[in-house]
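My request is simple: use the sequences and hints to build the entire structure.
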Amino acid sequence: MVVKQEEKSVFDREELMTGTDAVAEAVKLVDVDVFAAYPIRPYTGVMDRLARFIANGDLDAEYIVADGEHSQFEIGKHASSVGARAFVGSSGVGWLYAMESIGVTATDRLPLVALVGNRALDDPGAFGVEHNDALLVRDLGWLLCWASTAQEALDTTLIAYRVAEDPKVRMPAAVAMDGGYLTHSQHMVRVPTKEAVRDFLPTYDLGNRRMHPDNPVSIAPQVNEDWVMELRRQNYEAAKRSRKVITSAYEEYNSIFHSDYEDPFIEETNVEDADTVLVGMGSAAVVARSVANEMRREGKKVGFLKIRWYRPYPTDEIRKALSNVSNVGIIERNFAMGAPDDGAITMHDLQSALYDSKNHPRVVDFIAGLGGREISKKEVRKMFEMTADKKSPKVSWIGLRE
Amino acid sequence: MMQTQKPHLIRLEVNYRGIFQKTLAYHISGDVVYAAHKEGKTAFSNGRYSDDPQRNGIPCANFAYFSKDLTEEDLEAEASASMDITEAEVVVVLDDTMVKGLEPWGGYGIRPINEKVVKDGVVLIVSNRKPADLIAQMEKKKFPYRIAILPGEASFAGLWYFKDDMTDVRVLGAIAKVAPEIASIDTVANYVASKYKSKEKAAAARKAYEEVKVSTVNAGEGIDWPYPKPILPGWKDFDEGVYVKGVKRGFQMGPRGQNRNPDFKRGTSKTQRPVVRFDLCTKCTLCWYDCPDEVFDPTTDGLYDVNYEYCTGCGRCAEVCPVEDCIVMVDELKFENQDSPYVLYKKDPENYVKWAEDKKGKERLMPSPVTGKGSTVSKVETPKPFKKGVVK
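As given, the protein sequences belong to chains A and W, one line each in that order.
Per the numbering used here, the very first residue in the first sequence carries number 1; after that it's consecutive.
Per the numbering used here, the very first residue in the second sequence carries number 1; after that it's consecutive.
Simulated from the structure, these hints should not be mistaken for lab results.
All figures in this text were calculated on a predicted structure; none of them were measured in a lab.
Be careful, since some hints might not be right.
Derived CB-CB ranges, DEER-like [claimed, not checked]:
#, chain 1, residue 1, chain 2, residue 2, range
1, A, 273, W, 228, 49 to 57 Å
2, W, 162, A, 348, 50 to 58 Å
3, A, 121, W, 53, 18 to 26 Å
4, A, 58, W, 105, 21 to 29 Å
5, W, 55, A, 63, 37 to 45 Å
6, W, 55, A, 273, 47 to 55 Å
Computed, partial: chain A to chain W, Cβ under 8 Å [as the list claims (entries may be wrong)]:
#, residue
7, 123
8, 185
9, 377
10, 402
Glycine is no exception: its CB is placed at the ideal position from the N, C-alpha and C atoms.
Spelled out as structure tokens, the structure:
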């Protein structure tokens, strides 16, 4: 990647980085006040790098190692409530251990940003990627998105703060990335300057809710159960508003950092005139895009649609992109035991988004890459072929050893 | 239009010892990517995720990929959708004792160091040994490939409290020699000079380029690999739920008398093994008592046999043994098998002692208790004579 002359002012340097390095770099750039940590692969990579920043004097922040993920997320939540910009993160079962805290961070509407280094829910001691950990918060009031490359991981973390802290939103945001494939792979990343990030991201201001001796407030008191439904409605409206905030955040990001995020929510590769489209999230997108391009060169009308933001769900974008496609296949790095049609999680959201559109495509589901199993070019090609084939079953397992 | 030509792709693997060489390996796999970038190539690197957190001495691997014509995304799709690779044009080995085999995890088996090297590819080993000695422990291949020896010891320089011995840049220089299509020596030396702001480091890279000796390994040279390849189970091969059968309790006096886990032996973690002078042993039990991996088998005569298949070479037994020169750690590459030393001793005590002293040599390496001070070498001019009649 060549850094253009005019970009020099907004970029500090280009460096070979893993996905977790890139997130740590973003956390430094947003100048967090509090970093709460508890080690778990692959999240540990962020801890390592941030510890080095603080030790080297590159970042002035409280680095608090908690006694477990539950406390870790409580620390993040509380820091956020006193007006400190905070960062937390975890993976797999660690993320689940923090779940009580994760739930109330959302209902308290605190704009904490977290990394979920996707990891299988452990037994048998697995730490390869599965998306079930992050997807568990899809309905709790967290914003949720997936990064596919190290550069995107850095960019998205910056954008996540901007969206989460926006007074129109004030919801926590989780940036998910595939354990191993992204967290342990080193790519060249353009690192913005601190000044440019400051232009993009205003100071964190929680307004009237900020807990401070000068502004005594009691957050989340057990006052009146009767308030709950009205509070949920507020949250619901904020989630709806977040779509516009995300759009404008990406517009500004593109203009400051000369990046080319065309649509913040989805990323299309040859989708426009395709008959057959695969949909996926995370690092599988890299392989799928490459295969989609390759098959186009062979004259096959195939495309790939990557979902970047999963909450808020890109309903309109998906409808628009897929309504006139004949066959849609979904690459799922997750499982949903006993779900409708025995499909995995994202199929259900995608199908309901398409249900009310006039010409909805035939949808098939591929459960693939669980526990870090590779999703190779060969397998993506197979999924394209199966999607195009009207006779293939509703749900197939790809890459499974029979 | 069909794509017929295979894209240009070079895959490099860096084999290293967990923890001790982790930083060193990351420097090498990262720096070689930067160097290739300087020549306008597409390149990136990754670590084998399943190795994380690269525990002490466990054989681990990093990879780097290079292409002249692929975009970064296409290269990634081509090369690294998988967490381990099956083929490599360049295999770097940072510790020569790894030629005896690699067993990073349970269920992986003990795999040959040259398993992934392709025809005409190269295995680049940091070693002070002759190629023939190393090939004699490696699996025979059906095709010719090259072996390159960069003179040097297994380096600990990646650990911050060890002195920089320039192994990182020396390996880069050697890579430029054996695989100039990744980056030329000039590119490497210039990159090293600018990154480390050190003429000495650039000179070390250039010197390594000259020093590295490359020779051809013919088809059929090497050994028949003694370890079976693991069979990966299908989904119907398991019982339901997550469990594996435990090791059945079993204990008998004598060599290999204790039941141990057959699926993960960890013996390939060792760079040295304890050589025992049974004739000097006072039967104090400390080696057996202190061994963290429980590799000592009690025998009916009160001596303790060593099961080298499970020994990780930590040196604890040699440290606690109160008798001078009774247990001494010796370079693992000097040994051809994992046979029971006790059985050898019982067969012919005097000859065993002669053999043991020959393996031990005249030098004893002792790491300094103060980190960063390296190790001290003491000389043993006359080995302790064979002591008759200890075993009753």
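Next item on the list: Determine whether the Cβ-Cβ distance between residue 162 of chain W and residue 348 of chain A falls within the hinted range of 50 to 58 Å.
Entry: holds, 55 Å
Notebook entry, point to check: Does residue 185 of chain A pass the interface check with chain W, least Cβ-Cβ distance below 8 Å?
Noted result: This interface hint holds because 4 Å falls under the 8 Å limit.
Check: Does the nearest C-beta of chain W fall within a distance shorter than 8 Å of the C-beta of residue 402 of chain A?
Finding: holds, 5 Å
Checklist line | residue 273 of chain A paired with residue 228 of chain W, Cβ distance criterion 49 to 57 Å | finding: holds, 52 Å
Next item on the list: May I ask you to test the interface hint for residue 123 of chain A with respect to chain W, counting a Cβ-Cβ separation under 8 Å as satisfied?
Entry: holds, 5 Å
Check: residue 58 of chain A and residue 105 of chain W, beta-carbon distance inside 21 to 29 Å?
Finding: violated, 36 Å
Note to self: Does the closest beta carbon of chain W sit nearer than 8 Å to the beta carbon of residue 377 of chain A?
What the structure shows: holds, 6 Å
Next item on the list: For the range 18 to 26 Å, tell me whether the beta carbons of residue 121 of chain A and residue 53 of chain W fit it or not.
Entry: holds, 19 Å
Check: residue 55 of chain W and residue 273 of chain A, beta-carbon distance inside 47 to 55 Å?
Finding: holds, 52 Å
Notebook entry, point to check: For the pair residue 55 of chain W and residue 63 of chain A, does the Cβ-Cβ distance stay inside 37 to 45 Å?
Noted result: violated, 25 Å
Of the numbered hints listed earlier, those contradicted by the structure are 4, 5.
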